[in-house]
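Chemist: Sequence:
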Amino acid sequence: MDPYWRYAVELYPFEKRRIPIARFVCRRKRRTFSPLPYQLIPYVQYTVCAVVGTILTVLELRQRGQQGFHGASVEADPDSSVTPWLISCWVAVVLKGLRRQHPILSRLYDLTGVRSGAGTASFDIELKGYLIGFGLSPPPGGTVALVAVVQNFSRLTGEFLFGTASQLRSSSSV
Numbered sequence: 001m002d003p004y005w006r007y008a009v010e011l012y013p014f015e016k017r018r019i020p021i022a023r024f025v026c027r028r029k030r031r032t033f034s035p036l037p038y039q040l041i042p043y044v045q046y047t048v049c050a051v052v053g054t055i056l057t058v059l060e061l062r063q064r065g066q067q068g069f070h071g072a073s074v075e076a077d078p079d080s081s082v083t084p085w086l087i088s089c090w091v092a093v094v095l096k097g098l099r100r101q102h103p104i105l106s107r108l109y110d111l112t113g114v115r116s117g118a119g120t121a122s123f124d125i126e127l128k129g130y131l132i133g134f135g136l137s138p139p140p141g142g143t144v145a146l147v148a149v150v151q152n153f154s155r156l157t158g159e160f161l162f163g164t165a166s167q168l169r170s171s172s173s174v
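Just so you know, the sequence shown maps onto residues 1 to 174 in the numbering used here.
Among the hints, a few may not be true.
Stated by the list, open to error - Simulated pairs of lysine to aspartate or glutamate, EDC-like, Cα-Cα distance not exceeding 20 Å:
hint : residue 1 : residue 2
1    : Lys96     : Glu126
2    : Lys96     : Asp124
3    : Lys16     : Asp79
4    : Lys128    : Asp110
5    : Lys96     : Glu159
6    : Lys128    : Glu60
What the hints assert, rightly or not - Derived Cβ-Cβ restraints for the label pairs, each shown as a range:
hint : residue 1 : residue 2 : range
7    : Ser116    : Val74     : 25 to 35 Å
8    : Arg27     : Ile125    : 40 to 50 Å
9    : Cys89     : Arg64     : 20 to 30 Å
10   : Ile125    : His70     : 12 to 22 Å
11   : Arg30     : Val74     : 40 to 50 Å
12   : Gly65     : Cys26     : 50 to 60 Å
13   : Ile125    : Asn152    : 20 to 30 Å
14   : Arg27     : Ala148    : 27 to 37 Å
15   : Tyr7      : Pro84     : 17 to 27 Å
16   : Val74     : Tyr7      : 17 to 27 Å
17   : Met1      : Pro78     : 33 to 43 Å
18   : Gly65     : Arg27     : 53 to 63 Å
19   : Pro20     : Thr83     : 23 to 33 Å
In short, the hints are calculated from the structure, not lab data.
Every value quoted in this text rests on a predicted model; they were computed, and no experiment measured them.
Just so you know, even glycine gets a beta-carbon here, dropped at the ideal spot from N, CA and C.
Using the sequences and the accompanying hints, generate a full structural model.
Modeler: What follows is the structure, encoded as structure tokens:
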């Protein structure tokens, strides 16, 4: 089956390119599926590194008393179309993934310091707990190390840490 093409947007440095994604047909279920590389988040054009790097930038700016979402969107390349609203959506996707996979992650890392908050208002406390549990220092930095956590998780489980693959979505969650 022919591949389909999707965008993969990197922010550090900015690069937007179309990449081929292989498609296969399951003979038993007679459905198509496409295994995405771990660097991509299902239904998100920006790479894991771009999303994680931007969220870490938000945390760094908030530590300095600046407006995190707005500041991070201003620091992004103007051609990237990153907005404060988009960044808040990324925070929601990342936190949902970490919360959903917390039982598995807690077997791999010491996550006893994670304190779950409500919404994005207190996301920095929760995310810092995960960073410390993963053995990473809070921002600045840590993008490459956190992407390695995502890669290790995908290797061990065969699942995405962030986002939900199409075959795992129910019709009610779309």
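Chemist: For which of the previously enumerated hints does the structure constitute a violation, in increasing order of number?
Modeler: No hint contradicted; all consistent.
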